[in-house]
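J.: Residue 85 in the working numbering sits at position 85 of the sequence shown, with consecutive numbering throughout.
These are calculated hints, taken from the structure and not from any lab test.
Calculated lysine to any residue pairs in the SDA-like style (CA-CA distance at most 25 Å, straight line):
| hint | residue 1 | residue 2 |
| --- | --- | --- |
| 1 | Lys-7 | Lys-34 |
| 2 | Lys-78 | Met-53 |
| 3 | Lys-30 | Met-48 |
| 4 | Lys-30 | Thr-3 |
| 5 | Lys-7 | Gly-39 |
Quick caveat: nothing in here was measured; it's all calculated off a predicted structure.
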Amino acid sequence: MQTFEYKITDEVGLHARPAGLLVKAAKQYKSDIKIEYNGKSSSAKALMAIMAMGIMKDAVIKVSVEGEDEAEAFEGIKKFMEENL
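Given these sequences and hints, build the entire structure.
T.: Here it is in structure tokens:
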């Protein structure tokens, strides 16, 4: 399992549009990708669960990746977040 922390910089946080893009990016991989925030955990492939977490600007989230394409998924999701969130 690989993990990283990321600070959300999008002005409105992880709302519908960026959450939808994150889910789309996560679904490209076979690995399990989890997001943890404020004591809650969700699959990065579950749009409604991500939105229900209420992740706002400047929130620090923990992302964990585990599975058969773990290295590729880790780099891909990390790059996606840096470019979009």
